[in-house]
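**Q** With the sequences and hints as input, model every part of the structure.
Below, each chain spelled out in residue letters.
2 protein chains.
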Amino acid sequence: MPSYIAPVDDMMFLFEKLRDNKNYNELEKYKDVSPELVKDILEEAAKINQNLILPLAKAGDENPAILENGVVRTPPGYKEAYQKYIEDGWTSLSCDPKYGGQGMPRTVSAFFDEMISSASLAFKLYSELTLGAYNCIHHHATDEIKNKYLPKMVEGKWSGTMCLTEPVCGTDLGLLKTKAIEQPDGTYKITGQKIFITSGDHDLTENIIHLVIARATDSPKGTKGISLFLVPKFIVKEDGTVGSRNGISTGSIETKMGIKGSATCVLNFDEATGIMIGPKNKGLSQMFTMMNLERIVVGIQGLGISEIAYQNSLNYAKERKQGKSNNNKSESGKADSIIEHADIRKTLLNMKSIIEGERALCFWLSQQTEVSLNHDDQKIKQEALDMVSLMTPVVKSLFSDLGMEITSDAMQIFGGYGYTKDQGIEQLYRDNRITPIYEGTNSVQAADLVFRKLSTKNGNIVDKFMNLIKSETNSDDEKMKPFVDTLNYNLGILKKFSDWTIDKIKTNKDDVSAAANDYLKTLGYISLAFSWVKVLTVSFKDFEENKKFHEDKINTAKFYFEKVLPRAEQHYKSAISGSSNIMNFKFN
Amino acid sequence: MPSYIAPVDDMMFLFEKLRDNKNYNELEKYKDVSPELVKDILEEAAKINQNLILPLAKAGDENPAILENGVVRTPPGYKEAYQKYIEDGWTSLSCDPKYGGQGMPRTVSAFFDEMISSASLAFKLYSELTLGAYNCIHHHATDEIKNKYLPKMVEGKWSGTMCLTEPVCGTDLGLLKTKAIEQPDGTYKITGQKIFITSGDHDLTENIIHLVIARATDSPKGTKGISLFLVPKFIVKEDGTVGSRNGISTGSIETKMGIKGSATCVLNFDEATGIMIGPKNKGLSQMFTMMNLERIVVGIQGLGISEIAYQNSLNYAKERKQGKSNNNKSESGKADSIIEHADIRKTLLNMKSIIEGERALCFWLSQQTEVSLNHDDQKIKQEALDMVSLMTPVVKSLFSDLGMEITSDAMQIFGGYGYTKDQGIEQLYRDNRITPIYEGTNSVQAADLVFRKLSTKNGNIVDKFMNLIKSETNSDDEKMKPFVDTLNYNLGILKKFSDWTIDKIKTNKDDVSAAANDYLKTLGYISLAFSWVKVLTVSFKDFEENKKFHEDKINTAKFYFEKVLPRAEQHYKSAISGSSNIMNFKFN
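So the sequence lines, in the order shown, correspond to chains A and B. Everything in the first sequence is counted per our numbering, starting at 3 for the first residue and increasing by one. Everything in the second sequence is counted per our numbering, starting at 3 for the first residue and increasing by one.
A hint or two may mislead.
Pairs involving identical chains hold if they fit within one copy or between any two copies, as the list cannot separate such chains.
[Claimed, not checked] Listed below are the simulated EDC-like cross-link pairs for lysine to aspartate or glutamate, each with C-alpha atoms no more than 20 Å apart in a straight line:
| no. | residue 1 | residue 2 |
| --- | --- | --- |
| 1 | K575 | E564 |
| 2 | K320 | D174 |
| 3 | K323 | E168 |
| 4 | K181 | D272 |
| 5 | K423 | E64 |
| 6 | K472 | E64 |
| 7 | K588 | E321 |
| 8 | K588 | E564 |
| 9 | K511 | E564 |
| 10 | K323 | E564 |
| 11 | K282 | E208 |
| 12 | K511 | D338 |
| 13 | K506 | E564 |
Source of the hints: derived by calculation from the structure; they are not laboratory data. Predicted model only: the values in this text are computed from it and were never measured.
**A** Take a look at the structure:
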């Protein structure tokens, strides 16, 4: 089983030194969230993830969730762990105190998301979608509904799902077939089949609140006729207690490559009673409130799995003795630890420089997210939202793809032992492999980025992002100069690539589609470089305070700039050769 | 279950049009291997792989090989299929007619290796190592031993293994602990533990011939004291029949991420009787006869799995309707097949251009291999061997890594359905994941390439390879010019990178170690471009003969040159920034 020590020091470094968003720091509601409080929370979070949740990863992989006589059973140990997990209040961390939450900002809860992704992604998923559903209800439902459903969800006694996908309707939600028929009492009867429903059924909570998109009988075709419904597994009575079973049954659960502890369900809705949430035919935009926050969390999943893969690779590289390094002069044939070999060191630094850059970028994004949700000034709020919208597909796709690179490299470091089940490394690779797929495949994210996020009714968003980077990385420090210069060189590339893209959207959309994944990567690697420059600014300034820590940061950043960042330009060059040959090709 | 149609047309194209190695064509022993004969063989091969072997893939994944009361049982259906497989003579395809083989060259048997890798890698492995052991015995053993063991191995009644790895001795064979004690009758008693032994035990054959490396009691430490032993599972009596059980037991079999149908064994040798093969203390070089040919086959495994992943992705992309393409003007919301989307087309062409380039490169290499083994002129033989030695780590690593890229892209095309077990796509991804690990991890291959293959006692081998490329791609055809020019530009990069590497070996080996994986990739992508230019020469010349076929080749090559080949330069640029930061970094 892989070991795991939560990187609390790095998280606290970010919280203490890089909580520098002026608009975030103005938010009244988080005034009391002090570093001391956050440190206490993170230390408790480390304990529960390291001790209680980490062992569930292997348990879930060896004993996947099963469907027996219509009932889904989670893996051994999940129920007891979940009980402790909600008793300690972890489901309520970021929720509104009005409904029993602890009201922590994303600058804190994102760290928890990372830790639990490291410990067990499959277990995490049982509460993750609850939070998604909570957010959606919190934003769009009436007070009556909120008062009735949210407290139990915050407490973790009830869980939530998001029911979008159908057999012929994945990315393309306009093809949706599930029907909603209005009843005299204002409720709806929902009928249809939903597939790939994460935590669609299980035995951890006493009720499951499904958020379902469906088409009312009088609604138009396509995406403009989709409404959102709250459909509980058990009808909730007036007094808030659980009543009779609703018309929802579990058709089957998927046998998957990884995250086997998580029950991925086919749900059949057969005249199930649902309540419409928010205005009719606006279901898709309401669902996307939830989807967008969720997509960032998927990126964080990739980060979390990368972190545990790195930690175990590093430990193994120190222990495993094999071969002589170039500097071994021993005649006795004594082997070196493989961490002495240049290519292993390079692989480890590649992991580390990506992971710490991602964590810093996430922290920056968490501040922007809170501003986008909570600031009083509408203009500031919108500007932050533009940044969050731009970075959502980037974080989702880049972090999940790099999670594959990192878990794969971890397997290579473990050699044959990485391919066998004993060490648990191959499980990290399999578990992470869902992240580039779910919540919209990474190609869908890339298309979303180039066609909908770069340039919007609010202007040229990527230009604004580049200006923001320039203003936040402006430094007179001589030591910073090589990094800032390299960053600026890459911003020049991003500018050219962005202008090319925005121009091509008007003249040749296929060129843009074919370049979309590359564009996302270019923007992503430069965003990580931006984060590293922010880290460096602190590390050079506070160097004497904690030499070892900051020296580590500076050298890791150097590696990132020398060996990882050049990928940004490579993607640009590969992308701009156009698509005519691709589009004209006649496949057999 | 994935479908599979063997690409016989493309294989026959290569055999008919690109069998252009003058030295190969001089080989007397293959004079009778006509295109008609090869076509017959490939069509029969297609049948057995498509019909008999393909279904074993899923069977083996669902019911892995198991160890029961000391006996290894292969998955259901394997025994019957293996029986048919040997009855039809497939184990003997490339073997010496003197021992019952069909004497086919690698230009034919490599196609079979590809097909069976597409159909079921796990099943393939049961006979693959037999061929490895056959080659090793055929090269190094006495006639007496050959006459006694080879006919049954060629027939497939007996199988073979290669027993190298031990718990603390993987890449670094100098650490080997297994002991060999000489007996009065000239045999040895072998004692020690071997791990990760592919087909180490199973129920498909009546005997298993283990080739074991071990250290004789009076041999020196390190790699210079390793000898090679033939150790049969059952002692073979004078009359060639199977006698009593030898002192070998199966400790356990590994639970692996993929190739679950293949039994990967821990073998305990307890005073097992063995016969020394070849001269004492030269075991490592003898084993490498087998290892090197085997490494090329691992590359071909990656190619085979890529081919079936591509075929199924293409079929699915044509069937699955989702989203509107950029050119869809339909107002009705009718979705397009996803093959209409630019990024899906790009992914498919990426697969296709890599796969067909690999197949052509393999075919070129097969001719070189036969020359290196069979030519009468020692100089020609050595020159061919130099090329084979240079390309062995490249084919092994590049094809296996690109197999991961291609199977991963296949999963993305299948979306959520790619992550579930039903379609069998995720199995291709898991099965292929062993190929960058076994027979020496890809980083070990890269180190072998840069430190031992570029420049040898026979001179600057990579320079010779570049000269060979230039002479084989010299063309006056105007249509060829853009391709040849781009190839030459890249050869300029390869020249710089090679000179840098050869120079750095003298001054800073760590720089070379850190750059090794990049160097391998640069050389690899340029080698594929070389193969594509050879294909193009034929396609432009014979265009009118088969327009559709050659147009397909030309446009696929265009894609390769525009979108894939630029990676060669990217690897160069990333590599040459040196390793001082990497080597000085203080890992926590």
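**Q** Hint by hint, note whether the structure agrees.
**A** Cross-check of the supplied hints:
For the identical chains of this complex, K575 and E564 are neighbours both inside a copy (18 Å) and across copies (10 Å), given an alpha-carbon limit of 20 Å. Proximity of K320 and D174 under a CA criterion of 20 Å is satisfied inter-copy only: 16 Å between copies versus 48 Å inside one chain copy. Proximity of K323 to E168 under the C-alpha cut-off of 20 Å is restricted to the inter-copy arrangement: shortest distance 13 Å between copies versus 51 Å within a copy. In this assembly of identical chains, the alpha carbons of K181 and D272 lie at most 20 Å apart only when taken from the same copy (10 Å versus 69 Å across copies).
When the C-alpha separation of K423 and E64 is checked against a cutoff of 20 Å, the pair qualifies both within a copy, at 10 Å, and between copies, at 16 Å. Proximity of K472 and E64 under a CA criterion of 20 Å is satisfied in neither setting, with 49 Å inside one chain copy and 55 Å between copies. With identical chains, the CA atoms of K588 and E321 are at most 20 Å apart between copies only, with a shortest distance of 16 Å across copies and 53 Å within one. Within a single copy, K588 and E564 get their C-alpha atoms only as close as 41 Å, which misses the 20 Å cut-off; across copies the closest is 17 Å, which meets it.
Within a single copy, K511 and E564 get their C-alpha atoms only as close as 34 Å, which misses the 20 Å cut-off; across copies the closest is 19 Å, which meets it. Proximity of K323 to E564 under the C-alpha cut-off of 20 Å is found in neither arrangement, the shortest distances being 28 Å within a copy and 43 Å between copies. For the identical chains of this complex, K282 and E208 are neighbours neither inside a copy (29 Å) nor across copies (71 Å), given an alpha-carbon limit of 20 Å. Taking the shortest alpha-carbon separations for K511 and D338, only the inter-copy value of 16 Å comes in at or below 20 Å, while the best intra-copy value is 54 Å.
Taking the shortest Cα distances, K506 and E564 sit within 20 Å of each other only across copies (19 Å), while inside one copy they are farther apart (31 Å).
Checked against the numbered hints given earlier, the structure breaks hints 6, 10 and 11 and satisfies all the rest.
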